[in-house]
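J.: Given next are the chains, with one letter for each unit.
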Amino acid sequence: MKKVFAKKNCSVSDYLKEYSFIKKNINGESGGVLKKIKIAVFSSSTIQGIDKVLFVECYNIGIDLEMFVGGYKQYHQDILNSNSSFYKFQPDLVIISIDVRDILGDNYFNYYQLQDEEKKQLLEDGINEIVSLVDNIKKNLNSKVLIHNFEVPFFSPLGIIENKQKFGFIEFVKKINFDLENLYKQDSQIFIFDYDAFCSKWGKNDIIDYKMYYLGDIKISSKYLPNLCKEYISYIKPLMSMTKKCLVLDLDNTLWGGVIGEDGFEGIKLGLSPEGRPFVEFQKYILSLFNRGVILAINSKNNLDDALNIIKNHPYMVLKEEYFASIKINWDNKASNLKEIAEDINIGLDSLVFFDDDKLNREIVRTTLPEVAVVDVPEDPSLYLKTIMALDDFNSFYLSEEDKKKGAMYVEQRKRTELSKISVNIDEYLEALNMEVTIEKANSFNIPRISQLTQKTNQFNMTTKRYSEEDIKQFSNSDNFLVFSLKVEDKFGDSGLTGVAIIEKKGKKWVIDSFLLSCRIIGRRVEEVLLAHILKEAKEEDAEILIGEFVLTKKNEPAKNFYEKNGFELIENKENSQLWEFPVNKTYEFPKFIKIKILF
Amino acid sequence: MKTLKKILANVLGINEDAITNETSQDNTETWDSFNGLMLVSELENAFGIIFTMDEVRQIKNVGDIRAILEKKGAKFVND
Chain Z
1 MKKVFAKKNC SVSDYLKEYS FIKKNINGES GGVLKKIKIA VFSSSTIQGI DKVLFVECYN
61 IGIDLEMFVG GYKQYHQDIL NSNSSFYKFQ PDLVIISIDV RDILGDNYFN YYQLQDEEKK
121 QLLEDGINEI VSLVDNIKKN LNSKVLIHNF EVPFFSPLGI IENKQKFGFI EFVKKINFDL
181 ENLYKQDSQI FIFDYDAFCS KWGKNDIIDY KMYYLGDIKI SSKYLPNLCK EYISYIKPLM
241 SMTKKCLVLD LDNTLWGGVI GEDGFEGIKL GLSPEGRPFV EFQKYILSLF NRGVILAINS
301 KNNLDDALNI IKNHPYMVLK EEYFASIKIN WDNKASNLKE IAEDINIGLD SLVFFDDDKL
361 NREIVRTTLP EVAVVDVPED PSLYLKTIMA LDDFNSFYLS EEDKKKGAMY VEQRKRTELS
421 KISVNIDEYL EALNMEVTIE KANSFNIPRI SQLTQKTNQF NMTTKRYSEE DIKQFSNSDN
481 FLVFSLKVED KFGDSGLTGV AIIEKKGKKW VIDSFLLSCR IIGRRVEEVL LAHILKEAKE
541 EDAEILIGEF VLTKKNEPAK NFYEKNGFEL IENKENSQLW EFPVNKTYEF PKFIKIKILF
Chain B
1 MKTLKKILAN VLGINEDAIT NETSQDNTET WDSFNGLMLV SELENAFGII FTMDEVRQIK
61 NVGDIRAILE KKGAKFVND
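Protein chains in written order, with the numbering used here: chain Z, 1 to 600; chain B, 1 to 79.
Take these hints with a grain of salt, some might be off.
[Unchecked claim] Simulated DEER-style distance windows between Cβ atoms:
{"hint": "1", "chain 1": "Z", "residue 1": "Glu66", "chain 2": "B", "residue 2": "Asn27", "range": "24 to 34 Å"}
{"hint": "2", "chain 1": "B", "residue 1": "Asn27", "chain 2": "Z", "residue 2": "Lys24", "range": "19 to 29 Å"}
{"hint": "3", "chain 1": "Z", "residue 1": "Asn9", "chain 2": "B", "residue 2": "Gly63", "range": "25 to 35 Å"}
It should be emphasised that the hints constitute simulated quantities derived from the structure, not laboratory data.
We put the CB at the ideal spot given by N, CA and C, even for glycine.
Using the sequences and the accompanying hints, generate a full structural model.
T.: Put into structure tokens, the structure is as follows:
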């Protein structure tokens, strides 16, 4: 996919031009390779042009956007009527933006004329209005809903004593925002977009152009439309499973200032000086990404010993060796190093984000490995922190305990690989890992993670069916389905919940609807233990035959031979899918060196 | 350099060469009230000037826009 429009700070008119260009020239031919998304937007104000600007932003990252823009102030009618064209549109994402002036009406100016009781009522009414919209959407759709919170005003008739008032006007708006956030904190479908923070970020004084407000009820000045759409992209990326997993870092002039080969251990900029601090803080922020589950790797042209000396021994080095899942310090070209990093960690190139100060390296990677996200690194290192903080590539809608440990788990993986180099054969190596597998049925604690795995797993995934939490809940409550989860632990650490199987019981015939393993435990034969357990349950319930399906995708090659290797017989062979069967009373051999714990 | 015609063409989705001082809301289908406002915002940002509400209300054609821009001393390629 070619990025046709990557310029920064484009005006809306640039977007409009680009929109016509794409529609005229490109969409017809390459539209087929783009992922498709449907988004519905409702607003209490005019947001002219949002469909086109968001279309271009989506197109740039390989998404074909179809949009439903609710009529001006029509959101009640559209959302409350379950037969409306909005529900027929079946959006993947619903965005609702209601302005604080519209929800408060005259009370926006009259607030201090209200009695305490009336203020409370106003708060309740405001919240209830949102809740009733949300409840209606939830009744009719499973799609994610993004609700703008309210812009907190920065003026008050009381001026400097505003915050001395009991339940003052500004506190009131903050309270609505606070209550909304709390209301949906545990909700996996509803997300609050911090529109107030967005307005602060760009300047509340400038967000509204009063002339446009009076002429056309426009409450966000059009020049901020691209910025708003970029914020939406942060939600669209995880919705389209475009979340990145690994941050690949250069060393010289990236993690420290200067070049180690020329400046030496004492000469590089890293420490408490004005030139050293940007690098220290940049590293600290990257460490916080690691702690939320981002995998880290190094890709640097350097002498290995010189560079490791700094990483291990420099007093201000924050990112020590133990934070990196893959370290490529050599004189090879950066693109081939990136390929090796992806292989080492066992993730796709499209899961990598590359941060390198060298423009030429970035260009080489951009042209040779277009799947890799390459960060536009500014020339001035004092802007690195700002740049990395603005990255929206690692967002996900849900962060499990497993996710937070992911960075560390891949470091354990590197150590396992080192062990495998010492071991004589693969089974000996696996045995030396002292693995213990825990199999557990779906329950309220693990359902979010199970759903997440079905959404994210691409490689070892037999059918690649994507399920929401709601879907998994339904399977788990149904007598016709079984949902198993698999956890793996070994002497290097806990890999957490990393395998899922969903079985549909059709009388004597049991069908494996889904069977998948997270990439970090592929090749450790734990899938055989899971299969053995399914067969055991099938036997106990007098099933006769177990059916497995394989559906080929671009990415699930590693799963292709699973049924064949495990003694299944091919019963149907189509171009992109196969059906396999296994008689339940046939003996099934699985590795005995893996300890099994069954929890129900 | 941003030019008046480029912005007009982008926002109204019309051909640059077809734009004259007489191009107006009446003879340009896409020049509706909202695109008219979008046009003003884009011109303000591009030329670093600000229209008053009255000026916006008075705009009927490209000639009107040009006159306002010239009055405000906006530097644009005279096209």
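J.: Give a verdict on every hint.
T.: Tested hints:
For Z/Glu66 and B/Asn27, the hinted distance range of 24 to 34 Å is satisfied, since their beta carbons lie about 32 Å from each other. At about 23 Å, the CB distance of B/Asn27 to Z/Lys24 agrees with the hint of 19 to 29 Å. Range check, Z/Asn9 to B/Gly63: about 30 Å between beta-carbon atoms, so the 25 to 35 Å window is met.
Every hint, counting from the list given before, is met by this structure.
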